[in-house]
Structures are given as structure tokens and as C-alpha cells.
Amino acid sequence: MILLEAAEDGFTLSLDGRRVLCHSSRAPLFELGSAEPVIRQHRGSVTIRQKRRTRVKAKAWKQVSARDDFIDIEFEGLVRMTAREASGALRLTFSRYDTAYNRFMIRLPAAPGESIFGCGEQYSRLDLKGSKVPLWSEEQGVGRGSDLITLAADLWGGAGGNWHTTYFGQPSFISSERSYVHVQTTAYSVFDFRRPKVTILSTWAMPEEIVIGFAADVPETVGALSALVGRQPALPSWTWEGAWLGVQGGTAELGEKLAAAKAAGVKVGAVWAQDWCGRRITSFGKQLQWNWSYDRELYPDLPDAVARLRRDGVRFLGYINPFLAIEGPMYAEASKAGYCVKKHDGTDYLVTVTSFPAAMVDLFNPDAFEWIKGVIKSEMIGIGMAGWMADFGEYLPVDAALHGGRDPLLAHNEYHVLWARATAEAVREAGKDGEVAFFLRSGWAGSSRHASAFWAGDQLVDWSVDDGLASVIPAALSLGFSGSGVWHSDIGGYTTVGWIKRSRECFMRWAELAAFTPVMRTHEGNRPESNAQFWSDSATLAHFARMSAIWSALAPYHAEAMAQYHADGIPPIRHTWLHYEDQPELRQLQYQFLYGRDILVAPVTKPGKELAEAVLPSDTWVHLWTSREFRGGEVTIEAPLGYPPVFYRADSPWASLFEGLRRSVRKL
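In terms of my numbering, the sequence shown has 454 at position 454, counting the first letter as 1, and numbering is strictly consecutive.
Misleading hints may appear alongside valid ones.
Each computed BS3-like pair below joins lysine-lysine, with the alpha-carbon atoms no more than 30 Å apart [as the list claims (entries may be wrong)]:
no. : residue 1 : residue 2
1   : K197      : K286
2   : K373      : K343
3   : K286      : K377
4   : K342      : K432
5   : K262      : K132
6   : K373      : K342
7   : K667      : K606
8   : K62       : K262
9   : K51       : K343
10  : K262      : K51
11  : K501      : K609
12  : K432      : K501
13  : K286      : K262
14  : K342      : K262
15  : K132      : K432
16  : K57       : K197
If you are wondering where the hints come from, they were derived from the structure by calculation, not from laboratory data.
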């Protein structure tokens, strides 16, 4: 029930006894205003500012109408706020305002000492209390810290990024007070959690809706938010038959690498050949020809090769993005039909991604939307692909001219959702739901409704906290808090620049983390010859074979964790504190996680470590590799390569599976 309690100069609005909104003349609930954007966009990164800002505080108010689940409040003739109760949450909408207002700010009560999680995929900070978080989906950035590589990337062209830059922003969060907030908008937003008693949410447009809800416990809170933004569809049952090998170089080279992996005992479920469409050598490394049909030189008999692989129990995965190489016939077709994003002079808007220009499909054009779906159905599903990487989505220019006059400032974040939806609809219309899996890096609220899986994007191939191995752990946890459940990362990272190259040890430790995620996939990186690969030497190959066997042996446990996500919204990769709310000290952990309810993983994220630390909640935990029992607290455990710090709950119904895994998987 909604309860409005008037005070001398304001009011308090409560939902089922929980205070939700507070308003007074000294601390108005919200402000409206206007401003002009000042945005500098370089490739996929942006700098966002504003000028000529005006603001009007909503002070005087009056209640217009009310019942138990509905209240209308008028503010000074400025705006009408409607508060409704629906599905146990308070939903706020706004009407009767001047459309010249393009800035909105609302203040929500906050609790001193609370923790804040979510806001999409956050790589550097997990608990966002005390931070001001800009929300805009863009390139993650190279380095993302105060180190030399970030400085070099910034000098190269503003590519360094900041602690908050992310491929997947989402205007949602949950609080350790068992509440969640979601702002329905595609506008640039800033969520300010720096004050102990108030949270300030700002958007560069009037929000369509603000949803504020409460739950009995944190798992239920996460589940409520995931139901609101949309849960990911189920992965195909073949997902866990074996690792997805990232290999390229043509039919012959693919076959050689696959044979070497199998001979070494690697469990292989799929090969992922991103260069199926052809390759382009640039100053950045080995990139692709963005013309979405198979390359007749590298893969002259690809449909037949895909069929042969399938008969041998191996799926073939490809690659696509919403760009079109201007040298290719698909661009000529799309440009002639008017399917590309345009400049205001009517010419196609060519975007430089690394060192070459490309056009973007205007997904706001219904005909272009159907056209790219047709490409996926005919050129990818039609030749037998079982999945693909659906890359990019973050590059929509903010000064573009879009179909129907869509405002590019509001369209930029929506484009990610359309890209996910187009891909999902192509699969559905081809009758391949439950058979095909695709994975994206970019997203916004609503993307999870469509995406089979997400991956963490382009990390450095090193150990760095903000952009290397360590950074993918808070990324997984924050995205899980935001409602998405199917996540993974490139084993070993992707980006090789300057002196940064992937070591054998880094690859191995990354593979150990990946063995306890829903998808296990390798990537050669942008400079394959500079990096350690799974086939580089016998020790790496043996290690990878062991980790792939562990991952595949966990197939029924993977399936159970996914089933729980679909039923309750609790992600497979979840925070340690999620099931141990009575231990608030666990909230500050961001480099370990629970996989499902019963496995705790504390990945080794620093080089040269054979002793590792973990913090175990109050429970009885069994070390997976030695069967030693622990009763919770901080532990130091031996962690040689191939034996990462992993524990399971002693009373887990899966204990026999875990014990069997320890005994049956080949030792190093």
C-alpha cells in the first residue's frame, strides 16, 4: 500500500511501511532543467559535458488524486508525478511538463553504511557507494588506470578510458538494504552515491519510468530486478560438451589446431573462427573483413567443413558486427538501399574503428533491421553455424542522422538493445531457438532479454587490476547484480599493445577462472603470434586439457545454476555475500565469487603465486583438490598451476559430483 504523509513543508511517501520518497522546500524531491550537450567522440570513446544549464526545483506541491495503489501529485504547475504500486514496487511516471526540459534529477533516501551494486558491467569498483557513476555504453578503454599504458592509449587517441567506462551500462542498482531501483531511459545518466543519506539520479531526458522495489532478502532483490529488465534465454544443451576453441587462419590451420587439442585430451565442443569472413591486417593486428559471407580463399568449402565438424561432434561458431566494410558487396547493397547510418548531408557516416573506416547499419530503419536479420539467417545459420560473436554496438555517432529523425543522443544506448534483438529474432525466425548461441559485449537495459550470453570484451592480455585478468571478476559480479546471468570472458584477454603480451602463466590462470563460468572460450587476441596460446607448448596444452575436462564434467551443475537463474533470477556467478547476508564484511570482496550455490572460487590474479588467499563464509567448506575441510574465515591454500583455490559446501547435494571430479580428472 502507498502511504502519503504530509509534513509542514513537504511529504514522505512510503510503500508497505518502507520510506521511498521524501520532499521538502529545502530538499526538493527533484529538479527539471535544460542544457546543451558538449560531446567529443573519438572512435568508440566519448567525453560528455554540458553548457548553458538551467534548473528549476520542484517545491510547492499538492495531492491531486489518490487511492491505496495510486497517487497523483502536482508540483507548482511544473510537472505531475504519478506513483503507482505494481508487483510490489513503486512505479513513478511524469506528465504535464514542458518538453523543453531535457534534464531531470531526483533525490532518493539512502542508508549510511549501505553497499550499492550494479549499474551494468563495472570492472574496477564493485561496491559503488561513495562513487559518482556516469552511465553510457562505450568502449571500455585500454588500461583504464593511472599507469603508463593508459597514458599511451590516451595520447594515441583518447582510448585509455576511466574506471567507470564500460561496454554495458545500465541505469539500475540494488542496495544491501534489500531494495532496487531502475530508471527506464536510454539517455546519458549519472548516478551519484557519494552522500551517506541521499542518492542523486540524473538523466539527460525525462525518464519514461522509475521503479523502486523492496524484497525480503538480497537474492529476491536481485531476482526482482532481473525480472524487470529481462532474463537471458537458455543456452543450448551442447554448450558444456567442451570448450569453445578460438582458432583462425583458414580451413587447414583450423583443422590442425583442433586435431592437436583433441590429441592432448582437450574437451572440445565448438571451434570459433572469427575470420570466417576474411581477415584484414592493420597496424592494430589481425582484424576481419566486415562483409558477412564466408571467405572463399581462407575457407573455400566452409559449408561442407561445418557439416563435417558437426558429424564429429564439434560445432562451428562465427563472428558478425553491425558494421559493413566499404570494400565489400554487402556495403554496396546496403548503401544503395539506404540502410546505413547517415550524416546530415545525406552521405553514409563512415566510422573509423581502429585504422579503417566502415559504415553502420541503421537499426532504427525497419527495412535495414530486417535486412541484417536476413544476412544472419542466410549467410550464417544457413551454412550450419551454431553460434557467433555479435560484436560491437557502442560506436553509434551522437551527431548522426538516423531513420525517422531519431535523436542520436537517445538512440546511442538503445542501439545495443536493437542489435541484441535483431540477432535473437534471426535465430528465432530460423527455427533455431535452443540450438544456436550468440554472445555480445555491448548492452543497455533490455539487452539481457535477447542475448544468449555476454562476454567481458577486450581486456589487456595481462594481470592488471583495471583492465586485465582481475578486472573480469567484478565485471561478472556487477552484471549479475544487474540482472544478467550468462557471462564469460576471453581466456587470456584480447588486447596486445606495446610491451604487453600474454604469458603462459596468465593464460593458464585465466583458463582456471573460466572453468567455473557458464561458457569456456579462448581467443587468440589481436596479435596471435605475440601471445601464449593453448597450443604453444605441451605444458600449456596439458593444463588447458585439464581445465576443459573440469568444466565439461560440471555440465549438470552448470545446467542447474542456469535453471535457478531462469526460475529466480539469481546469476550463476554471484557474490559471496549473496547467501550470507548476516556477514556484512563479505560485501567488500570483489575478487572471488560463488559459482552456483555450492562452489566458491578465489582465482589467482597475480603472477608467481602458488599460495593464495580466500575468505570463506560461515559454513563448512571442502577444498576441491585435497578434501580438507574449513569452517569459514580467511584461509591460505596451496594453488599450483592447474589447482586454483576452489571450495564446495560440505552439505551440497552435488558433493559426490565434486569428489568424483577430483578423482577422475587427469592430474598435472
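Okay, the hints, checked on the actual structure:
no. : hint        : in the structure
1   : K197 - K286 : violated (50 Å)
2   : K373 - K343 : holds (24 Å)
3   : K286 - K377 : holds (26 Å)
4   : K342 - K432 : violated (33 Å)
5   : K262 - K132 : violated (49 Å)
6   : K373 - K342 : holds (20 Å)
7   : K667 - K606 : holds (23 Å)
8   : K62 - K262  : violated (72 Å)
9   : K51 - K343  : holds (24 Å)
10  : K262 - K51  : violated (60 Å)
11  : K501 - K609 : holds (19 Å)
12  : K432 - K501 : violated (39 Å)
13  : K286 - K262 : holds (26 Å)
14  : K342 - K262 : violated (48 Å)
15  : K132 - K432 : violated (42 Å)
16  : K57 - K197  : holds (20 Å)
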